[in-house]
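*Asks:* Top to bottom, those sequences are chains B and P.
Residue numbering for the first sequence follows my numbering, beginning at 1 and increasing consecutively.
Residue numbering for the second sequence follows my numbering, beginning at 1001 and increasing consecutively.
Hints listed in this document are in silico derivations from the structure and should not be mistaken for laboratory results.
Mixed in with the good hints, there may be bad ones.
Chain P stretches covered by chain B per the calculated footprint, using a threshold of three residues with CB under 8 angstroms from any CB of chain B [what the hints assert, rightly or not]:
(1) 1146-1158
(2) 1262-1271
To give a feel for the contact side, a few chain P residues facing chain B, derived at Cβ under 10 angstroms [as the list claims (entries may be wrong)]:
(3) Asn1191
(4) Pro1192
(5) Arg1312
Built from N, CA and C at the ideal position, the CB exists for glycine as well.
The residues making up each chain are set out below.
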Amino acid sequence: MGRRRGLAVVVVLFFGFAMGLLVYFLIGANANLSLQNRKTIGQLQAYYLAHSAFQHVQLKLRLLPQETYDAFEGGAGSPYPDVDSDLHPAIRFGPAAPKASLFDSDQIVPEDPFDGRYQLVKLTFDSSTQAMKHVQDGYSVEVRATAKGNAQMTFEETLSEKVIVSRFTGGIAP
Amino acid sequence: MRTRPPRPDRQEFGKSPLQPWMAARPSRLASGEETDRQEIGPPPLPPWMPTRHTLFAHRQKAGPHEIGHVALPAPRTGPRPTRGRPYPFAAMDGGAKREFRASQRGPPPGAHRPGVAPFGGPPHRSGVTIVEVLMAFLILGSLLLPVFFALTNSVKETERFYTEAVAISQAKYVMDTLMFQIPWRTIRSGNPARFDDPKKVGAVQTLLGAAIPRMFGSGCEGTAAETWRGDGLLTDRKGFLYRIRLQCRDLDDLEFSVDIPGRGLQTFRSAELTPKDADGRYCLMKKLSLEIRWSLTKGRDPLKDPQARSFRLVAVKSHLDG
Chain B
1 MGRRRGLAVV VVLFFGFAMG LLVYFLIGAN ANLSLQNRKT IGQLQAYYLA
51 HSAFQHVQLK LRLLPQETYD AFEGGAGSPY PDVDSDLHPA IRFGPAAPKA
101 SLFDSDQIVP EDPFDGRYQL VKLTFDSSTQ AMKHVQDGYS VEVRATAKGN
151 AQMTFEETLS EKVIVSRFTG GIAP
Chain P
1001 MRTRPPRPDR QEFGKSPLQP WMAARPSRLA SGEETDRQEI GPPPLPPWMP
1051 TRHTLFAHRQ KAGPHEIGHV ALPAPRTGPR PTRGRPYPFA AMDGGAKREF
1101 RASQRGPPPG AHRPGVAPFG GPPHRSGVTI VEVLMAFLIL GSLLLPVFFA
1151 LTNSVKETER FYTEAVAISQ AKYVMDTLMF QIPWRTIRSG NPARFDDPKK
1201 VGAVQTLLGA AIPRMFGSGC EGTAAETWRG DGLLTDRKGF LYRIRLQCRD
1251 LDDLEFSVDI PGRGLQTFRS AELTPKDADG RYCLMKKLSL EIRWSLTKGR
1301 DPLKDPQARS FRLVAVKSHL DG
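Chain B with its partners taken away, still in its complex shape (with noise of 0.2 angstroms):
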């Protein structure tokens, strides 16, 4: 009777702990899923950054492309300094302000969701194709985006392309 009573407790513990285990697990899945879509909103963020950071450089080399292949020539390291958020006001991302909705009103919300900045990292001119009336210079860019999300996570993003410009149009060929 003793033995029988003692197996008793160790069955109710147990079956408690397994209880326990199976709820932490339950609830774990659901907060995992729950960070795991703020993560890739996050992300999204970010990688939207750091595509609007590759088109404005490939707009400076579309406007510019004399005068980028002039400042090589020349032995520029960085011919673009100004391809930085943060640099222009209208371009900034930020101050965040999440609670700002465009659904509030028909008027244009300048606030931004959220704090976030893109720059250009490294600007290479690669090579020049000079055949017939085509004169075409290729450059390698890497730009680099970061945004802040909720809960103060980070979101980094950083994009590597190669483009073919033609020197004397502008016309540009990623």
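Since the structure of chain B is already known, use the hints to place chain P on it.
*Replies:* What follows is chain P alone, placed relative to chain B:
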């Protein structure tokens, strides 16, 4: 050799003094040994026949509660029966009666003495009381309650994650289309943004007519023909509703600098690099802000749901059209 006479039926026992087997026995009355008065009572039984007292003697030991025996009255000997109460019970004073009743009542409910089974069953037999069963259910319920709560919550959370995944997927689709496929000139400033091609190129208008309703859903048709608004309502397969709105802000008057060795930092304004656009502005970059809002209740417009969830994505699109 002595032969045993046939056994009489029990119901007939003692009713008739003249049984056949008795008739076969030589009567002492007939032989003149006893008087008539002595012959009135039942005749003496043979020595092998059990008497009434010996026949029910075991009942005196087992008690009247034992199952399987007919409760026949025990022979009345001594004082009158008092149903277990002291005799004379009526003559006892109140205190003595209460004391006697308390002693007869037994232990209180739930006070089970080890080794003695409740309800007068056989001793040394284990069992569970109703209190123990109730306690077990209470413990089981307290353990299972959070489990059921977690399961219910998990189902709700699954739907929440589903709507989040749909919202993220749709937002990515819209932003990818805007950043890499829709011509820069067709995205016009405003909240919500407008979509139309100032050059009225047929292929571009066909592209807009196919892409914009897929991005923003219903309600994105503009007031004029071949125009659209960056605002609409989408419904997913489960019936959740999503509001999507795009804001476009022209970033005019930007400066573009090139550091040329020997010539210094060369800075160019937008007006020096591009002609005016369809809106009469020197614009080379546009800031796009996309918000998607959805309700966690099926079929409910997120604009009317205070518990609706939302997020925004922001990007800058540059004028890279040829």
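*Asks:* Run every hint past the structure and note whether it holds.
*Replies:* How the hints compare with the structure:
1. 1146-1158: Coverage by chain B holds for the stretch 1146-1158 of chain P (7 residues, Cβ < 8 angstroms).
2. 1262-1271: Three-residue rule met by the stretch 1262-1271 of chain P, so holds; n is 5.
3. Asn1191: holds, 5 angstroms
4. Pro1192: Cβ of P:Pro1192 sits 7 angstroms from chain B, so the hint holds.
5. Arg1312: holds, 4 angstroms
Hint compliance for this structure: every hint is met.
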